[in-house]
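K.L.:
Protein chains in written order, with our numbering: chain A, 182 to 418; chain B, 182 to 418.
Keep in mind that the hints were calculated from the coordinates and are not lab data. There may be inaccurate statements among the hints.
Chain copies aren't distinguished; within one or between two, either way the pair holds.
Claimed, not checked - Calculated lysine-lysine pairs in the DSS-like style (CA-CA distance at most 27 Å, straight line):
| # | residue 1 | residue 2 |
| --- | --- | --- |
| 1 | K330 | K362 |
| 2 | K409 | K293 |
| 3 | K362 | K211 |
| 4 | K248 | K404 |
| 5 | K330 | K280 |
| 6 | K362 | K248 |
| 7 | K211 | K280 |
| 8 | K362 | K293 |
| 9 | K404 | K237 |
| 10 | K362 | K280 |
| 11 | K293 | K330 |
| 12 | K330 | K211 |
| 13 | K211 | K254 |
| 14 | K237 | K362 |
| 15 | K293 | K211 |
Number of protein chains: 2
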Amino acid sequence: MRNMIVASTSTIHGSGYLEYLLDDLVVVFKQENITELLFIPFARPGGVSHDDYTQKVHQALTRTQIKVTGLHKTENPAQAISSAQAIFTGGGNTFQLVKTLQQLELMEPLRKAIFNGTFYLGTSAGSNICGLNMRTTNDMPVVQPDSFKTTGVLGYNINPHYLDPIDGSTHMGETREQRIKEFHFYNTIPVIGLREGSYIRVQGDQEILCGPHTARVFLQNQKPYEVKNGYNFTQLI
Amino acid sequence: MRNMIVASTSTIHGSGYLEYLLDDLVVVFKQENITELLFIPFARPGGVSHDDYTQKVHQALTRTQIKVTGLHKTENPAQAISSAQAIFTGGGNTFQLVKTLQQLELMEPLRKAIFNGTFYLGTSAGSNICGLNMRTTNDMPVVQPDSFKTTGVLGYNINPHYLDPIDGSTHMGETREQRIKEFHFYNTIPVIGLREGSYIRVQGDQEILCGPHTARVFLQNQKPYEVKNGYNFTQLI
Numbered sequence: 182m183r184n185m186i187v188a189s190t191s192t193i194h195g196s197g198y199l200e201y202l203l204d205d206l207v208v209v210f211k212q213e214n215i216t217e218l219l220f221i222p223f224a225r226p227g228g229v230s231h232d233d234y235t236q237k238v239h240q241a242l243t244r245t246q247i248k249v250t251g252l253h254k255t256e257n258p259a260q261a262i263s264s265a266q267a268i269f270t271g272g273g274n275t276f277q278l279v280k281t282l283q284q285l286e287l288m289e290p291l292r293k294a295i296f297n298g299t300f301y302l303g304t305s306a307g308s309n310i311c312g313l314n315m316r317t318t319n320d321m322p323v324v325q326p327d328s329f330k331t332t333g334v335l336g337y338n339i340n341p342h343y344l345d346p347i348d349g350s351t352h353m354g355e356t357r358e359q360r361i362k363e364f365h366f367y368n369t370i371p372v373i374g375l376r377e378g379s380y381i382r383v384q385g386d387q388e389i390l391c392g393p394h395t396a397r398v399f400l401q402n403q404k405p406y407e408v409k410n411g412y413n414f415t416q417l418i
Numbered sequence: 182m183r184n185m186i187v188a189s190t191s192t193i194h195g196s197g198y199l200e201y202l203l204d205d206l207v208v209v210f211k212q213e214n215i216t217e218l219l220f221i222p223f224a225r226p227g228g229v230s231h232d233d234y235t236q237k238v239h240q241a242l243t244r245t246q247i248k249v250t251g252l253h254k255t256e257n258p259a260q261a262i263s264s265a266q267a268i269f270t271g272g273g274n275t276f277q278l279v280k281t282l283q284q285l286e287l288m289e290p291l292r293k294a295i296f297n298g299t300f301y302l303g304t305s306a307g308s309n310i311c312g313l314n315m316r317t318t319n320d321m322p323v324v325q326p327d328s329f330k331t332t333g334v335l336g337y338n339i340n341p342h343y344l345d346p347i348d349g350s351t352h353m354g355e356t357r358e359q360r361i362k363e364f365h366f367y368n369t370i371p372v373i374g375l376r377e378g379s380y381i382r383v384q385g386d387q388e389i390l391c392g393p394h395t396a397r398v399f400l401q402n403q404k405p406y407e408v409k410n411g412y413n414f415t416q417l418i
């Protein structure tokens, strides 16, 4: 039974790293008797080191007294994933994250662990890899993974940090909505535009929208529409 | 001897398709006795058909009396590229453009034609493929090309539609500058942030910044800086 928090972002404006998710995490850690968290630092935001990124997570979770271990420090990463009490994949660059997970052959162990019920937290790039592929990332392709395929623990793709078109903008580059429309020219997979502060709470077959914003649902050949807090995304597939 | 216009965008705000480039194009077409243009429509903005996209270019260039042929209509595309009087690659999705050029084995013929002196106009995705690779595109990876390698007719990469950070923004997704910084964590290639309305006029070994804006130069491990209209980018490499 899946047990996940799939979040648009790690950080909302004016708040500390993971701060807006902390109350929920404390509840989950207590419910599930989680005392250790395995952190996947491979997305390396801004090129930060795996150690520094892991330390940042450790500091953000001080209140929870959880022990945080970076996956890069484990001897057998696949084994570490399958035996973890809880897993968190942080944001950064999705191309870099996917490339590293593929090189280390960790996509399948991660998928199995999540379906086996290991609690999973994803933010941004860490949420992109919950979808069927990474083709709706906003990130720059700074490195080239062998495949764009991801874990597929959700039956749709996420577009994290979803942005509405800016009123009165003179910029001629594509809006996020236009890019997702392009995606649907080549792909049939539903896409959830998840605004910063929103997250999907997955428990078994429930995939519930949480947080202060509506989410935008994009289906191939249909007009995008908004769904409210409490919506169950399993209806989409 | 290369003869190119490498533009950030096809269209500036409040103006028609290619309109801001038309005076320059008229001069080039006259100087070079160009009466026919080969159009590469593969980037397919918004999934538009190759025919419709080619028609759009035809309409935009009515004043020049140039005959526009879509590359998709030619029997032997590689031959069409090598015998073209002039080539224009339009914008859209760079992943889609690169995937199609690679499948048809056209990247090398295009490179050769440009180095042989065939006039080349690129806008947005059509400018991305002038760099060494497509790793600084802003586009969504809606399809997967075999390789991110492009023509390398310029010794650096372009970031088209370059956007400055927005003052007072509460959005937590990466700025364009942060993404290019990530690129430089994995790549040594210089990157030119080319604002909408800017273009590089390449003639032989001159690569001159034109248009109303400064451009932003990003070099690995250096602070980004601005260069003015008239700057010659060949100094960078």
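K.L.:
Using 27 Å as the alpha-carbon threshold, which applies to K211 and K254: within, between, both, or neither?
P.N.:
within (26 Å within a copy, 64 Å between copies)
K.L.:
Is it within a copy, between copies, both, or neither that the alpha carbon of K211 lies no farther than 27 Å from that of K280?
P.N.:
neither (34 Å within a copy, 49 Å between copies)
K.L.:
My question is about K362 and K293: at a cut-off of 27 Å on alpha-carbon distance, are they close within one copy, between copies, both, or neither?
P.N.:
neither (31 Å within a copy, 34 Å between copies)
K.L.:
When no copy is named, should K237 and K362 be tagged within, between, both, or neither for a Cα gap of at most 27 Å?
P.N.:
For K237 and K362, the Cα distance is within 27 Å only across copies (20 Å; inside one copy 36 Å).
K.L.:
Tell me, please, which holds for K362 and K280 at an alpha-carbon limit of 27 Å: within, between, both or neither?
P.N.:
both (25 Å within a copy, 18 Å between copies)
K.L.:
From the Cα coordinates, with 27 Å as the cut-off, is the pair K293 and K330 best called within, between, both, or neither?
P.N.:
Answer is within; shortest intra-copy Cα gap is 15 Å, inter-copy 34 Å.
K.L.:
Checking K293 and K211: alpha-carbon separation at most 27 Å within a copy, between copies, both or neither?
P.N.:
within (23 Å within a copy, 64 Å between copies)
K.L.:
Please sort K409 with K293 into within, between, both or neither, judging by C-alpha distance up to 27 Å.
P.N.:
neither (30 Å within a copy, 54 Å between copies)
K.L.:
With identical chains treated as interchangeable, where does the CA-CA distance between K330 and K280 reach 27 Å or less: within a copy, between copies, both, or neither?
P.N.:
both (10 Å within a copy, 17 Å between copies)
K.L.:
Check K404 against K237 for me: Cα-Cα at most 27 Å, and say if that holds within a copy, between copies, both or neither.
P.N.:
between (40 Å within a copy, 25 Å between copies)
K.L.:
At most 27 Å between C-alpha atoms: does K248 with K404 qualify within a copy, between copies, both, or neither?
P.N.:
neither (45 Å within a copy, 37 Å between copies)
K.L.:
Since the copies are identical, ignore which copy is meant and state whether K362 and K211 lie within 27 Å (CA to CA) inside a copy, between copies, both or neither.
P.N.:
For K362 and K211, neither the intra-copy (41 Å) nor the inter-copy (39 Å) Cα distance is at most 27 Å.
Checked against the numbered hints above, the structure breaks hints 2, 3, 4, 6, 7, 8, 12 and satisfies the rest.
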